[in-house]
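So you can see what is in the structure, the chains are spelled out below.
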Amino acid sequence: MTLVLEAAVLGILTGGVYALMASGLTLIFGVMRIINVGHGALVVLGAYLSFAASRALHIDPFVTLVITMPVMFLLGFGLQVVFIRPLKTDREALSVLVTYAIALGLEGILGYVFGANYVQLQAWYDTASFPIGDFRITYVYVFGFVLCLAILVVLFLILYRTTFGASIRATMLNRTAAQLIGIDVDRVSAVAFGIGMATAAAGGVVFGITTAFNPGSHYDLISRLLTIIVLGGLGSLRGAVIAALIMLVSEDITSVVISPVWASFVFFVILIVVLLVRPQGLYGVRVRERI
Amino acid sequence: MSLARSGDAWKVGGLIAVLAIALLLPAIAPDPATTNVAVFTVMYVGLATAWNIMGGYGFGSYTLGLLLARIGMAGGYAPFLIVPAAGLATAALALGIGWFALRTRAATFVIVTIAFMFMLQLLAENLVGLTGGGGGLSYPVPPWGGDYFNTPFYYAMLALALLSLAISWRIRRSKFGLGLLAIRDDEDKALAVGVPTRAFKLTAFVISAALVGMIGGVYGYYVTYIYPQFVIDPLIGISMVLMVFLGGLGTLTGPVLGAVILEPAQLYLAYNYGASRLYLVFYAAVFLIVILVLPRGIVPSVGRLISDRRARAGPSAPAAAKAVAP
Amino acid sequence: MRTSLRGALLSVLAMVIAACGSTAPTAPAAPITIGVSVSQSGDFSGDGKALVQGYDLWAQDENAKGGLLGHKITMKYVDDTSSTQQVVSNYEGLITRDKVALVFGPFSSLLTIPASTVVARYGYAFPEPAGGGPHVFDRGLTNIFFVQPAAVEDNLVSYTKWLTGLSADQRPTSVAYATQDDPFTQPQVDKAKSLLEAAGIKTAYYRVYPAETTDFTPIALNVVHSQADAVILGTQLPDAVAFAKTFIQQHYNPKTLIETTGPDQGADFSNKLGTNTEGIMVPAGWTANAKAYGNDKFVSEFIAKYGGTAADISADAAEAYSVGQVVDEAATKANSIENAKLISSLHSGTYQTIQGPMAFDSSGKPQGGVGVYIEQWQNGAAIFVYPSSVAAAQPEYPKKPWS
Numbered sequence: 001m002t003l004v005l006e007a008a009v010l011g012i013l014t015g016g017v018y019a020l021m022a023s024g025l026t027l028i029f030g031v032m033r034i035i036n037v038g039h040g041a042l043v044v045l046g047a048y049l050s051f052a053a054s055r056a057l058h059i060d061p062f063v064t065l066v067i068t069m070p071v072m073f074l075l076g077f078g079l080q081v082v083f084i085r086p087l088k089t090d091r092e093a094l095s096v097l098v099t100y101a102i103a104l105g106l107e108g109i110l111g112y113v114f115g116a117n118y119v120q121l122q123a124w125y126d127t128a129s130f131p132i133g134d135f136r137i138t139y140v141y142v143f144g145f146v147l148c149l150a151i152l153v154v155l156f157l158i159l160y161r162t163t164f165g166a167s168i169r170a171t172m173l174n175r176t177a178a179q180l181i182g183i184d185v186d187r188v189s190a191v192a193f194g195i196g197m198a199t200a201a202a203g204g205v206v207f208g209i210t211t212a213f214n215p216g217s218h219y220d221l222i223s224r225l226l227t228i229i230v231l232g233g234l235g236s237l238r239g240a241v242i243a244a245l246i247m248l249v250s251e252d253i254t255s256v257v258i259s260p261v262w263a264s265f266v267f268f269v270i271l272i273v274v275l276l277v278r279p280q281g282l283y284g285v286r287v288r289e290r291i
Numbered sequence: 001m002s003l004a005r006s007g008d009a010w011k012v013g014g015l016i017a018v019l020a021i022a023l024l025l026p027a028i029a030p031d032p033a034t035t036n037v038a039v040f041t042v043m044y045v046g047l048a049t050a051w052n053i054m055g056g057y058g059f060g061s062y063t064l065g066l067l068l069a070r071i072g073m074a075g076g077y078a079p080f081l082i083v084p085a086a087g088l089a090t091a092a093l094a095l096g097i098g099w100f101a102l103r104t105r106a107a108t109f110v111i112v113t114i115a116f117m118f119m120l121q122l123l124a125e126n127l128v129g130l131t132g133g134g135g136g137l138s139y140p141v142p143p144w145g146g147d148y149f150n151t152p153f154y155y156a157m158l159a160l161a162l163l164s165l166a167i168s169w170r171i172r173r174s175k176f177g178l179g180l181l182a183i184r185d186d187e188d189k190a191l192a193v194g195v196p197t198r199a200f201k202l203t204a205f206v207i208s209a210a211l212v213g214m215i216g217g218v219y220g221y222y223v224t225y226i227y228p229q230f231v232i233d234p235l236i237g238i239s240m241v242l243m244v245f246l247g248g249l250g251t252l253t254g255p256v257l258g259a260v261i262l263e264p265a266q267l268y269l270a271y272n273y274g275a276s277r278l279y280l281v282f283y284a285a286v287f288l289i290v291i292l293v294l295p296r297g298i299v300p301s302v303g304r305l306i307s308d309r310r311a312r313a314g315p316s317a318p319a320a321a322k323a324v325a326p
Numbered sequence: 001m002r003t004s005l006r007g008a009l010l011s012v013l014a015m016v017i018a019a020c021g022s023t024a025p026t027a028p029a030a031p032i033t034i035g036v037s038v039s040q041s042g043d044f045s046g047d048g049k050a051l052v053q054g055y056d057l058w059a060q061d062e063n064a065k066g067g068l069l070g071h072k073i074t075m076k077y078v079d080d081t082s083s084t085q086q087v088v089s090n091y092e093g094l095i096t097r098d099k100v101a102l103v104f105g106p107f108s109s110l111l112t113i114p115a116s117t118v119v120a121r122y123g124y125a126f127p128e129p130a131g132g133g134p135h136v137f138d139r140g141l142t143n144i145f146f147v148q149p150a151a152v153e154d155n156l157v158s159y160t161k162w163l164t165g166l167s168a169d170q171r172p173t174s175v176a177y178a179t180q181d182d183p184f185t186q187p188q189v190d191k192a193k194s195l196l197e198a199a200g201i202k203t204a205y206y207r208v209y210p211a212e213t214t215d216f217t218p219i220a221l222n223v224v225h226s227q228a229d230a231v232i233l234g235t236q237l238p239d240a241v242a243f244a245k246t247f248i249q250q251h252y253n254p255k256t257l258i259e260t261t262g263p264d265q266g267a268d269f270s271n272k273l274g275t276n277t278e279g280i281m282v283p284a285g286w287t288a289n290a291k292a293y294g295n296d297k298f299v300s301e302f303i304a305k306y307g308g309t310a311a312d313i314s315a316d317a318a319e320a321y322s323v324g325q326v327v328d329e330a331a332t333k334a335n336s337i338e339n340a341k342l343i344s345s346l347h348s349g350t351y352q353t354i355q356g357p358m359a360f361d362s363s364g365k366p367q368g369g370v371g372v373y374i375e376q377w378q379n380g381a382a383i384f385v386y387p388s389s390v391a392a393a394q395p396e397y398p399k400k401p402w403s
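Protein chains in written order, with the working numbering: chain L, 1 to 291; chain U, 1 to 326; chain A, 1 to 403.
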């Protein structure tokens, strides 16, 4: 029984990281109606940037976020302007191709610069833990969870408490109408992409400190992130957070109770059942649009 | 659609020329390195035309492999005769999956089918007693020598690609195809005007799965050994989608062109520049340029270019333009 | 024991030198290209790099002494992107388009199996460093030569011998097993399990997990809960590190911990665990300080060429280098580099490599060799600890507490 509880706690803690990574992806979808298949590669890029920065400057991986988040924000802004904005027709479909190409390009560049060996971010506390009742909780998961929570709260505050957030939400609701009431939709899109990348940087640090990664790690990441945001409802931040927790908790519990080989099977069953009942996902808005 | 116009005559001539080259390729270029690339290219022509992402490809591979193992059939021509059975099995599976998945639409449908695909992959990995699990499944090895080996597989793949094209061409000209186009444009309106959308979609899904399943079976026999993670792989679907978009979505020639350009390019780049690790960057760059310059894909974009030129050349152009860009 | 081994090595060395001497007077033969498909991108790209290092170093050594039977060697590498489809195309291309004289193997059983049928079709020999899963050998091919000391399923046999050989009060009473469902890892873990169960050591936990798993913590927690005395893990590098980290975090210190891959990868392993590598074991056919044929030269040249220390050298590189050594000796013996002659020559006799001596049966399985040893991390370096004939130190048992 403790084992199940332990798995559930672990699922929640690691679910926070996936929630953060997925929130950037779902935000980008919400604002631009594009599926950023390159998100996984950008998380890996964030992890590599932190890896390089913490090595070069001898600082804690979490501290590197002071550098990597702004850098990734600017990069995201630039990527949107150069590659996404020119797409006028068939945005949803073409954006998949463009962002997939970005993912491949990044994989190639990272392989060239860092080589293909697995690396992992290091910190003094990555093997430390503290006891709670019968089991021990690892500091690094707690730190990661707190960081993710903090960033998610900031993200919600930006969206719901600022004028800029209002224009983002307006764009999410109806792009054309937002344009008509004078919102610079292009700028909002670029900034939203930048914010998505900044959260990817933060997610990358936590991912990179808990997992050994290499330039090819993005394939696994993106398929997990996509299923999360579809389960949560495309474009819904709340949905992304809940779905990430459902995924990790269900997988971890299945893994300890039944077997690791059936862990993702159980998640896919949940996903399919939910989508059959609610095709728009848990918190999605039903949109009548053709793809 | 009469053949009287000169543009159509050119098209028919071109079609015959391409077909002739395709049929005679093993004689024109008998070098195994070339026919090997041709096998994969024609395979992707079939896959991109059939357009199915539910993992039917891998299911077909496993079906054929397991059937051959059960029958105890030796390598040779005979296994090709069993290939339709793999198609039938895949169609049956698609009927089941489609029954559920087609309650959803658009992006959700895509994700649901991909989820089913991952479940198939997990089953292939976990049902070790049946499939061999992660250790893979062995096919009988045909006894042919290196110089001849690729030829039967090339013709098998070509036959399946032509079958896909013929079905796709035939459907386009039927009431069924019209209904599918209507569904693609606006499913609700299609339903409103009396198109049995669910039945139509399910039929299309099952037909494409059967084709993809047969192609997967031939593939498994060709590489002689399959693993769950390689034959039931989302990357196969992604390559296929890329090819269709590169060539032009919604056209008959688009997927063919996309496959003929992309598959050899990918094999060639990995072969020649893989060692420098920069081939991925190169591949990505070419891709980005093509998408940004020709966002509709090559066939429609070129079609539009030609029609623009004709529009400038003479007043009768609009009719021709429509004929070029279907 | 040690002296007689050295004596044997010296005599072999003398033979090799003599053989080289006899070919020296002839005019230099035409240069040749040797083709290899390696994974430069995708899942196996880390190992791909190590293979290239090992092969390159061998080619450099070979050219320095005048080439393979006088043929100067150029290595040609093509990328298989860790995919079966590409690996098939690559060997087809290497053999028929580039008309390479010889081909060497890629990384992992997954790619070796599909590649081997293509290579066999053209009658080429297929000496390979990294494809040792059971299915590599059961396809009726006679051109494969797996250049490691033992077939993969026997990798943990020496470890089980060592465990069961411990005195009754020392012997672990329970073992926890977890392994990837990979053709490289699972067969060896399963064999170890059946051997240890037969010896009366009970299984506290056994789980197979998918190779695609990225979060290993729940599985590791199960192992922790089993509180077994011994832990046997069928891992690659990322999970090898992840399991160890979870054990440290959970303050679980088994008496002995062995992982099938990961601890043998030098700095790539130790830079993730620091001093906590202490006591972790790995089955290994090769180690930097082993007294095998040509090993000192390999290690010193490797460091000169690629930098780092002896502890940084991946076993993958040593295995690739051994492929070259085997081919060189077979060519010398056959006095030819024709594939047919190499194949028949490789099916008989014993070959000296930096992993020790080895021979091949008709399916290409290594035979009669010394088997796989146990390597253990002690004071920041992985060294042979068992069997005692090759051991550089006593096995550290029980494992010291995590630091």
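Rather than coming from a laboratory, the hints here were simulated on the basis of the structure.
There may be inaccurate statements among the hints.
Stated by the list, open to error - Where chain A lies over chain U, by a calculated footprint (3+ residues, C-beta under 8 Å): (1) 36 to 49; (2) 155 to 161; (3) 173 to 182; (4) 283 to 291.
Stated by the list, open to error - Which chain L residues stay away from chain A? Per the calculated CB distances, all over 10 Å, these: (5) 67; (6) 128; (7) 145; (8) 216.
The beta carbon of each residue, even a glycine, is placed where N, CA and C say it ideally should be.
Status of each hint after checking the structure:
Under a criterion of three residues with beta carbons nearer than 8 Å to beta carbons of chain A, the stated coverage of the segment 36 to 49 of chain U is upheld, 3 such residues being counted. Under the rule that three or more residues need a Cβ within less than 8 Å of chain A, the assignment of the segment 155 to 161 of chain U is violated, with 0 such residues. Requiring three or more residues with a Cβ within less than 8 Å of a Cβ of chain A, the coverage given for the segment 173 to 182 of chain U is violated, as only 0 such residues are present. Here the segment 283 to 291 of chain U counts 0 residues with a CB under 8 Å from a CB of chain A, which misses the bar of 3, and the coverage is violated.
With 10 Å as the threshold on Cβ separation, the claim that residue 67/L sits away from chain A holds: the shortest Cβ distance comes to roughly 22 Å. With 10 Å as the threshold on Cβ separation, the claim that residue 128/L sits away from chain A is violated: the shortest Cβ distance comes to roughly 7 Å. For residue 145/L, the requirement that its beta carbon stay farther than 10 Å from each beta carbon of chain A is met, with the minimum near 14 Å. Non-interface call for residue 216/L relative to chain A: violated, since the shortest CB-CB distance, roughly 5 Å, does not exceed 10 Å.
The earlier numbered hints that this structure contradicts are 2, 3, 4, 6, 8.
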